[in-house]
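The whole structure should be built from the sequences, with the hints applied where relevant.
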Amino acid sequence: MHHRKTTVPVRQTSKVSVLFVATGLLLPGFLISGSLCRAGSDATRQTPPHATRPLPKVDTVSFAGIKPDKKTMTTFTNPLVRSQDAADPWLVYRKGFYYFTFTAGKSIEVWKSETITGLNDSKKVTVWKAPDVGINSDDVWAPEIHFVGGKWYIYFTATDGRGPDPDNLRRQFVLEAVTDDPQGEYVEKGRLVVPGSDEYAIDGSVFETAGKFYFLWSGRESRGKREQRIYIAPMKNPYTISGPRVEISTPTYDWEKVGWWVNEGPEALTRNGKTFITFSASGGTKPEYCLGLLTNTTGDLLDPKAWQKSPEPVFRQYSGPDGTVFGPGHNGFCKSPDGKEDWIIYHAKDTAADGWGGRTARAQRFTWGADGSPDFGHPIPANVPIAVPSGEQSPAH
Numbered sequence: 021m022h023h024r025k026t027t028v029p030v031r032q033t034s035k036v037s038v039l040f041v042a043t044g045l046l047l048p049g050f051l052i053s054g055s056l057c058r059a060g061s062d063a064t065r066q067t068p069p070h071a072t073r074p075l076p077k078v079d080t081v082s083f084a085g086i087k088p089d090k091k092t093m094t095t096f097t098n099p100l101v102r103s104q105d106a107a108d109p110w111l112v113y114r115k116g117f118y119y120f121t122f123t124a125g126k127s128i129e130v131w132k133s134e135t136i137t138g139l140n141d142s143k144k145v146t147v148w149k150a151p152d153v154g155i156n157s158d159d160v161w162a163p164e165i166h167f168v169g170g171k172w173y174i175y176f177t178a179t180d181g182r183g184p185d186p187d188n189l190r191r192q193f194v195l196e197a198v199t200d201d202p203q204g205e206y207v208e209k210g211r212l213v214v215p216g217s218d219e220y221a222i223d224g225s226v227f228e229t230a231g232k233f234y235f236l237w238s239g240r241e242s243r244g245k246r247e248q249r250i251y252i253a254p255m256k257n258p259y260t261i262s263g264p265r266v267e268i269s270t271p272t273y274d275w276e277k278v279g280w281w282v283n284e285g286p287e288a289l290t291r292n293g294k295t296f297i298t299f300s301a302s303g304g305t306k307p308e309y310c311l312g313l314l315t316n317t318t319g320d321l322l323d324p325k326a327w328q329k330s331p332e333p334v335f336r337q338y339s340g341p342d343g344t345v346f347g348p349g350h351n352g353f354c355k356s357p358d359g360k361e362d363w364i365i366y367h368a369k370d371t372a373a374d375g376w377g378g379r380t381a382r383a384q385r386f387t388w389g390a391d392g393s394p395d396f397g398h399p400i401p402a403n404v405p406i407a408v409p410s411g412e413q414s415p416a417h
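Residue numbers for the sequence shown follow my numbering, so the first one is 21 and each next one is one higher.
What the hints contain is simulated information worked out from the structure, not anything from laboratory work. Every value quoted in this text rests on a predicted model; they were computed, and no experiment measured them. All clues given are correct.
SDA-like mimics (lysine to any residue), calculated; alpha carbons at most 20 angstroms apart, straight line:
#1 Lys325 - Thr229
#2 Lys329 - Thr272
#3 Lys325 - Gly263
#4 Lys209 - Val153
#5 Lys329 - Ala390
#6 Lys360 - Gly411
#7 Lys245 - Lys277
#8 Lys329 - Arg240
#9 Lys126 - Trp376
#10 Lys126 - Gly204
#11 Lys277 - Gly375
#12 Lys132 - Ser103
#13 Lys329 - Ser393
#14 Lys209 - Gly169
#15 Lys171 - Thr260
#16 Lys245 - Gly181
#17 Lys329 - Gly397
#18 Lys360 - Glu134
#19 Lys277 - Ala372
Pair by pair, the computed Cβ-Cβ distance ranges are:
#20 Gly375 - Thr270: 23 to 31 angstroms
#21 Trp388 - Arg182: 40 to 48 angstroms
#22 Leu322 - Lys360: 27 to 35 angstroms
#23 Arg182 - Ser217: 15 to 23 angstroms
Every residue, glycine too, gets a C-beta built ideally from N, C-alpha and C.
Structure below.
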């Protein structure tokens, strides 16, 4: 992730943080790991690049400035959250509610809403705050909320923010819910230790396939090297890595090297027995930030030779008659309420300006190609109406 220090204002409610994390739900025939709708980090983000800041008010009279009518809304427009930036978004749907989270800097929030149009005004709870000192006291990045093994877990990146190079001290941590309420109390399960390795690790995500758990993350080969790569390792339970890391992707194409050489934010998709992993490429401040795709060709997820990288980005900046989108990345996935549609959540910017500001959370439906691989299309510009996820019901009153 990145390294410029900024102060992140965290809005709090009576207790906890926001639930807008898209967890990787274990769904029949389709597993979405990472933000079933979620977002990113990268090689030079030395300070919380995911700082939230107020966005300008909408002054023009347009669809984007109209507050959604929760009873009748059949469409929505991106960004999902208009009151602030929301980098590294994560979205999950379970038992009648969407849960959303994103990078807040010094805490983890979970937002809860019955509808996707209601996220901006949803119930927001801070479920965890970083301690004043310690190995997870600073730069809390890219939280993901997952329901695995019958419990809710939150995975996140943090560092102690001290020493000559705190960036190299970034590691992965996990929280376990005490109750079945994603906005309830959590206990710390500690750092996710990788056997045989103690290196930079960010953007962790968990997924299950064929009865086995795996952990994905972005890391570096060794101290002093800034290039970010994608790693996978087996897990014996949702909070314990049980084997050494296996490198499955490193920046090789030019589109992975704009600004910095970066592969980060890995997320798994499993469908019809086949596993895909999306990842974000290039520097996170750049308009060229985009998504790449890895496809497993043998079923052995721990064999580096079994992963094939698509030669071109599968989701990248867009310019058309309906608008422009820059730097789409750090994504997650989720199912619609009725389980019939597949959705991607990600952050992107409206301008090509180089910087961390302006990264807002967005969502849209995606489909599948004839070869069985995901087809994400192009990022839909802000303020273009999008049909709400299928099966979404009006909130109870």
